[in-house]
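Trainee: Those protein sequence lines, which keep their order, are chains A and B.
Per the working numbering: the first sequence = residues 1 to 358.
Per the working numbering: the second sequence = residues 1 to 358.
The hints are simulated quantities; they were obtained by calculation from the structure and are not laboratory data.
A hint or two may mislead.
If several chains are the same, the list does not tell them apart, and a pair holds so long as it fits within one copy or across any two.
Claimed, not checked - Derived pair list, reagent style SDA-like, types lysine to any residue, alpha-carbon separation capped at 25 Å:
1) K261 x R110
2) K350 x R277
3) K16 x G230
4) K99 x P3
5) K335 x T255
6) K144 x E245
7) K16 x R60
8) K350 x P3
9) K350 x Q75
10) K31 x A189
11) K176 x T255
There are 2 protein chains.
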Amino acid sequence: MTPEQAGAFLTVDLKKIADNWKKLQARVGEKTQVAAVLKTDAYGLDAKKIAPALYRAGCRIFFTAYVFEAVEIRQVLPADARIYVLHGVLAHTELDFLKYDLIPVLSTPRQVADWNHLGHKENRILPAALHIDTGMTRLGLNEKNVDDFCANVPPYLDVSLVISHLACADDPENAKNEDQLHRFDSLCAKLRQALPNGFKESLSASDGVHLENKSFYKDIARPGIALYDGAVSLEAKVLQIQDVEAGHTIGYGATHTFSDKARVATLAIGYGDGYPRSLANKGYVAFNGLKAPIVGRISMDLITVDVTDIDLKELRQIPTAEIFGQHCPIKEIAKLAGTIDYELLTNLSKRFYRIYTD
Amino acid sequence: MTPEQAGAFLTVDLKKIADNWKKLQARVGEKTQVAAVLKTDAYGLDAKKIAPALYRAGCRIFFTAYVFEAVEIRQVLPADARIYVLHGVLAHTELDFLKYDLIPVLSTPRQVADWNHLGHKENRILPAALHIDTGMTRLGLNEKNVDDFCANVPPYLDVSLVISHLACADDPENAKNEDQLHRFDSLCAKLRQALPNGFKESLSASDGVHLENKSFYKDIARPGIALYDGAVSLEAKVLQIQDVEAGHTIGYGATHTFSDKARVATLAIGYGDGYPRSLANKGYVAFNGLKAPIVGRISMDLITVDVTDIDLKELRQIPTAEIFGQHCPIKEIAKLAGTIDYELLTNLSKRFYRIYTD
Numbered sequence: 001m002t003p004e005q006a007g008a009f010l011t012v013d014l015k016k017i018a019d020n021w022k023k024l025q026a027r028v029g030e031k032t033q034v035a036a037v038l039k040t041d042a043y044g045l046d047a048k049k050i051a052p053a054l055y056r057a058g059c060r061i062f063f064t065a066y067v068f069e070a071v072e073i074r075q076v077l078p079a080d081a082r083i084y085v086l087h088g089v090l091a092h093t094e095l096d097f098l099k100y101d102l103i104p105v106l107s108t109p110r111q112v113a114d115w116n117h118l119g120h121k122e123n124r125i126l127p128a129a130l131h132i133d134t135g136m137t138r139l140g141l142n143e144k145n146v147d148d149f150c151a152n153v154p155p156y157l158d159v160s161l162v163i164s165h166l167a168c169a170d171d172p173e174n175a176k177n178e179d180q181l182h183r184f185d186s187l188c189a190k191l192r193q194a195l196p197n198g199f200k201e202s203l204s205a206s207d208g209v210h211l212e213n214k215s216f217y218k219d220i221a222r223p224g225i226a227l228y229d230g231a232v233s234l235e236a237k238v239l240q241i242q243d244v245e246a247g248h249t250i251g252y253g254a255t256h257t258f259s260d261k262a263r264v265a266t267l268a269i270g271y272g273d274g275y276p277r278s279l280a281n282k283g284y285v286a287f288n289g290l291k292a293p294i295v296g297r298i299s300m301d302l303i304t305v306d307v308t309d310i311d312l313k314e315l316r317q318i319p320t321a322e323i324f325g326q327h328c329p330i331k332e333i334a335k336l337a338g339t340i341d342y343e344l345l346t347n348l349s350k351r352f353y354r355i356y357t358d
Numbered sequence: 001m002t003p004e005q006a007g008a009f010l011t012v013d014l015k016k017i018a019d020n021w022k023k024l025q026a027r028v029g030e031k032t033q034v035a036a037v038l039k040t041d042a043y044g045l046d047a048k049k050i051a052p053a054l055y056r057a058g059c060r061i062f063f064t065a066y067v068f069e070a071v072e073i074r075q076v077l078p079a080d081a082r083i084y085v086l087h088g089v090l091a092h093t094e095l096d097f098l099k100y101d102l103i104p105v106l107s108t109p110r111q112v113a114d115w116n117h118l119g120h121k122e123n124r125i126l127p128a129a130l131h132i133d134t135g136m137t138r139l140g141l142n143e144k145n146v147d148d149f150c151a152n153v154p155p156y157l158d159v160s161l162v163i164s165h166l167a168c169a170d171d172p173e174n175a176k177n178e179d180q181l182h183r184f185d186s187l188c189a190k191l192r193q194a195l196p197n198g199f200k201e202s203l204s205a206s207d208g209v210h211l212e213n214k215s216f217y218k219d220i221a222r223p224g225i226a227l228y229d230g231a232v233s234l235e236a237k238v239l240q241i242q243d244v245e246a247g248h249t250i251g252y253g254a255t256h257t258f259s260d261k262a263r264v265a266t267l268a269i270g271y272g273d274g275y276p277r278s279l280a281n282k283g284y285v286a287f288n289g290l291k292a293p294i295v296g297r298i299s300m301d302l303i304t305v306d307v308t309d310i311d312l313k314e315l316r317q318i319p320t321a322e323i324f325g326q327h328c329p330i331k332e333i334a335k336l337a338g339t340i341d342y343e344l345l346t347n348l349s350k351r352f353y354r355i356y357t358d
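Excised from the complex, chain A in its bound form (with noise of 0.2 Å):
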């Protein structure tokens, strides 16, 4: 796809990201390690171009999801940069571990037998990360799990990482926040006496970084939309402008009517790109810093939008509109969406041009 065949532009600020990571590890202090959670693509915006760049800024360590995640990152990372796969490791993907490097974090008993089961058949001690469940109820070993592991150590595992996940990190006065740090601590203590090599510890994403007490921290910090903050802008073009007379109603079941005349923009952006039918009538965009409102609903391949209050002339110079981006922050058009800013990142469209800058 050339520029001029495309609808949309997706800019990414790879030097923004870069400053993210390092105003986060400044931020943590040099007790906390900050690594980079690149699951999703790196949350829709291509893994491969923001890997080396974060490397570059000084991160070692990294996660992704699944395990076909990591090979892709593997490929455009330097030996020494540590990749672990949150999802574990799925049937009959072992070797992919071995051959690329890659430490799996597992989550239930069986995964940490079969993992140490590898690592007998295969006579050699393999690296390893546990997830425990402090409250969050979605993956990890619970307290049982923990003291039967403590009881009965596979010898084939070497533990460098125990990591958890917070649930509120976003509400910081939420009492389950102190509540998962107690139970954390309280699992690491156990596995402390049953793993005497030691491990380093995990309890903070995004929002935990931001949480007042460093205690959240521990060794190693693992920020995903922290990374991204002010580093995205999308851009549509305009296809036509057209005047529309009173009483018009305009899109898919005439949701909106024109009560004057008034000025209308069609742009090339649309749910199918992963802009949310949900900002029918409710989201905007901007001209050179101008807003306008959307109208109607959203199509798959195009949204319209009021432009009657921006100098004509003024707009047609204008060949492209701010989708997310200065005047159009993601946050906001992911509140007016009924949503977070994380789902609408993952959801951009492969249909974009991308725009990579440093």
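Assemble the complex: chain A is given as a structure, and chain B must be docked to it using the hints.
Mentor: Just chain B now, with coordinates in the frame of chain A:
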């Protein structure tokens, strides 16, 4: 990505898609030719796989939104397939149309003038379609534009098709349907005076071909979503099954509290795969046909479902849960998510292992 590495499996039944197309062709009768709308990569299902299957079924007319989408399917379709590009000629893409034998759907006086100008420059008659607006207020020539066109017919265009788009065809009782039909007929009548060689007409997409009144079908029908009815299913792997105590909470924000002891399965799918966040505490999946409600929020890579009512022995035999399919109809899931199946389909992730059956 191998099936072992994947978290979820998307199955696309190409035979069912071909059958759907044949049924639509039978429904509208032989006066109407049924085309296929394959924009947004065939609604996320891979246009390069779908286009040849539809061609084999008898389809000879295809529509995409962008020229790069058209180039993709041109490469897998025989030369007698006609491919129209709905967004028309974006600036500096003219030569793509000539090189790949693609027909632009011209929507604005500017696009008409530019395309005619190219014909003049190349000294050849160029194929074209016209988009006329009959009440959608999105893309297309309005009545005045049509009058101007007729008063001064561009000599270098061979207009083979005139299309418009219904705004409310999903609501057969809506008076806007008849209103758009009358406008369409009246504008086409004017164009017939100006274009004595004639042209085909197209007004209906998926919903339009289900209206009772055959006058809506015209020469060419343009179904999109209707092609995929019952042809798509999605399964996600079970990553963990765990028992939880009464009083426990689950997921981000701890939005669900278990009133009794319960059992929870964690599945390898999330909003990062296009499974909507709005299904939190609302959606459901199915294990061998047995429904399991979603508990807690949708994570980026994971969902958690309540499997307390499913026999544990049986559950342990089931490696994947149905996300969309026979027991989880995509239209119903979309409704629970507050949207339509079109949006779910087009958001489907590239992370799925895809299976195409014939």
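Trainee: Compare the structure with each hint and give your call.
Mentor: How the hints compare with the structure:
Taking CA atoms no more than 25 Å apart as the test, K261 paired with R110 passes between copies only; the shortest distance there is 22 Å, against 67 Å inside one copy. Taking the shortest alpha-carbon separations for K350 and R277, both the intra-copy value of 18 Å and the inter-copy value of 20 Å come in at or below 25 Å. Within a single copy, K16 and G230 get their C-alpha atoms as close as 7 Å, which meets the 25 Å cut-off; across copies the closest is 45 Å, which misses it. In the homo-oligomer, the alpha carbons of K99 and P3 lie at most 25 Å apart only across protomers (18 Å), although the nearest pairing inside one protomer, at 38 Å, exceeds that limit.
Taking the shortest Cα distances, K335 and T255 sit within 25 Å of each other both inside one copy (21 Å) and across copies (18 Å). For a Cα distance limit of 25 Å, the shortest separation of K144 from E245 across copies, 13 Å, qualifies, whereas the shortest one inside one copy, 69 Å, does not. Proximity of K16 to R60 under the C-alpha cut-off of 25 Å is restricted to the intra-copy arrangement: shortest distance 18 Å within a copy versus 48 Å between copies. In this homomeric assembly, K350 and P3 come within 25 Å of each other (Cα to Cα) both inside a single copy, at 13 Å, and across copies, at 22 Å.
In this assembly of identical chains, the alpha carbons of K350 and Q75 lie at most 25 Å apart whether taken from the same copy (21 Å) or from different copies (19 Å). Proximity of K31 and A189 under a CA criterion of 25 Å is satisfied intra-copy only: 19 Å inside one chain copy versus 77 Å between copies. For a Cα distance limit of 25 Å, the shortest separation of K176 from T255 across copies, 12 Å, qualifies, whereas the shortest one inside one copy, 43 Å, does not.
Of the numbered hints listed earlier, not one is contradicted by the structure.
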